[in-house]
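A.B. asks: Listed below, chain by chain, are the residues.
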Amino acid sequence: MSREKFVTIVSTAVPLPMENVDTDQIIPARFLKATTREGFGENLFRDWRYDSNNKPNADFVLNNSKFLGDILVGGKNFGSGSSREHAAWAIYDHGFKVVVSSFFADIFKNNALNSGLLPIQISEDDLEEIFNAIESDSKEKFEVDLTNQTLRIQSSGKAISFDINPYKKECMLNGYDDIDYLINLKSEIEAFEMSHR
Amino acid sequence: MSKTLFDKIWDSHVVKHIANDPDVLYIDKHLVHEVTSPQAFAGLEKRGIKVSRPQNTIATVDHNVPTIDQHLPIKDQLSKLQVDKLTEYCEKFGVTLYGLNHPYQGIVHVIGPQLGHTQPGMTIVCGDSHTSTHGAFGAIAFGIGTSEVEMVLATQCIMQPKPNKMKISVEGDLTSGVTAKDVVLYIISKVSTSGGTGYFIEFTGSAIRSLSMEGRMTVCNMSIEMGARGGMIAPDESTFTYLRGREFAPQGDDFDKAVENWRKLYSEPDALFDKEFNFDAADIEPMITYGTNPGMGVKIRGRIPSIGEVKDSERNSLEKSLAYMGFQAEDELIGKSVDYIFVGSCTNGRIEDLREVAKAVKGKKKANNIIAWIVPGSKQVEEQANKEGITRILEDAGFKLRQPGCSACLAMNDDKIPAGKYAVSTSNRNFEGRQGPGARTMLASPLTAAAVAISGKIVDPREIVGLQ
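Residue numbers (my numbering), protein chains in the order written: chain D, 1 to 197; chain C, 198 to 665.
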């Protein structure tokens, strides 16, 4: 089943310079009751975005119209905790196409890749530089080029290269998912089952 | 090259390996619950395909179910819809479901081992990060996302890069009053909440070996709290004794044959790990967390670290968590007032946990300021607690057993700790809002939770149960 293909993005970015942003913050468990993949963006970072009376919390970055864009930039160890793919869906549903951090939790990273959300892992120094660039100008643009695996800071022209598994890269660029691939392996899987017994 | 326990199981389950690509890994057992599966079943419907191996797929309802009046229709309409959807999908796709009124219903990671579905050498997945629990049996078990649930339903396989290997060894004798939960909270406080990311852990050493199967499950359960893909322990006599006679384990001669194979599941002495940690059991004391990630734990008699003590990069996190928790740096934990205790979850909702609580509170009374939620991990645990008189002991001490489910561990149902209240919880995560918006969670062992329930404040459990 095909997904949206990942194309090169040029966009401003939204900074969230906090470490250990866990999936319970990204989407609290009480919002996991839906049986579809859509609509989770509404409750993205719910308890940081809104106070207990459901009033937007002015201090939180998603409520600050100064910061917009397709790229979310988070602190180290982004997406730790629960395996809920709803966390990746919520970020994607909110309109982000890319999450940048110096370190991602494993399950979150897989979930993001499987949901069409590109996780870009860069060094702590580069992450710092990106936070600084956004801080000095919230209009700073970044180019994400998956084909060449680069994240470019537009004003300085600095290109930061990033790693991605080649198979996952192909999937993202072409909008393939793993299930298509696995279904095509049916005979190999059956042969394995015979020998595995 | 000599293989680790992890290598032996992983390598024997690789259907297809292409260099630099994720491996195609065959899955022996797929556990399913109501929250992370509906979208996956819907995906199968959309593609017009069946569940590939329904006989290797087991479903239950746990995350979202009420823990009182389970015989009545679920009041929360969204929760009811999730449970109804799972029921409908299981019927349609021929998957066994242990639904709310089934005698085997319970938390997915409690029932798998209890029924003998979980066995050494298996690959086991579930759309839940605490799937690592099953690693206690010498299985490769890990949590997956919903897209991956769909892959496994569709093909019984998953695409996964092979993780790195970590060995965590705890040698020596644990002192009295120190439980499996303390061991794992201690380890996480040392390794940190991200130190295990990219790794699969094998726990070894005499202190680990000395743990019961249920204690081992508690340790493996929290591997994910270090960021690890999973944790495992090589099977031994304790494992085989636990499994013998369980309903879905091999029976009779088949069991003995299986044991012969299971005995081969260990890391070769010269097998290499990518990273190793060694801890001394004698240094472990009852532990408690003070912050908002499971790595923020200290010995219960200890103090919260000062801002200067932590790495620069962790200062913000520490300050933010202390503000959330209403604590000050360098505070002592002992004597702090508590409002709730929660005993339950896939970490500590098994029969031994309830036995431990019952033993600690027998003949005593719950403090008036404490609201206690004690939630058995499964219907079978509940039944066993009734049979052993545990329920009675708890009631005499002023506690009441609720009905099985994940409950206040993630507060999807009504079991929410109110904002600003302090809960000593035997669950696995103390994240902001995890147990309810604004709830303040302190993770500890069932023994510590019991001691706190009696004294009404944070206390060294060894004092309450007369160990000191």
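If you are wondering where the hints come from, they were derived from the structure by calculation, not from laboratory data. It should be emphasised that the depicted structure is a prediction, and the values quoted were computed from it without experimental measurement. We put the CB at the ideal spot given by N, CA and C, even for glycine. Be a bit skeptical, because a hint or two may be false.
Computed far set for chain D versus chain C, every beta-carbon distance over 10 Å [unchecked claim]:
#	residue
1	Phe6
2	Val61
3	Asn77
4	Ala105
5	Thr150
6	Leu185
Covered by chain C, per the in silico footprint, the following chain D stretches (three or more residues, Cβ under 8 Å) [said to hold, decoys possible]:
#	segment
7	68 to 74
8	109 to 117
A.B. asks: Work down the list of hints and note, for each, if the structure agrees.
C.D. replies: Do the hints match the structure? See the list:
{"no.": "1", "hint": "Phe6", "verdict": "holds, 16 Å"}
{"no.": "2", "hint": "Val61", "verdict": "holds, 15 Å"}
{"no.": "3", "hint": "Asn77", "verdict": "violated, 4 Å"}
{"no.": "4", "hint": "Ala105", "verdict": "violated, 6 Å"}
{"no.": "5", "hint": "Thr150", "verdict": "holds, 20 Å"}
{"no.": "6", "hint": "Leu185", "verdict": "violated, 6 Å"}
{"no.": "7", "hint": "68 to 74", "verdict": "violated (count 0)"}
{"no.": "8", "hint": "109 to 117", "verdict": "holds (count 4)"}
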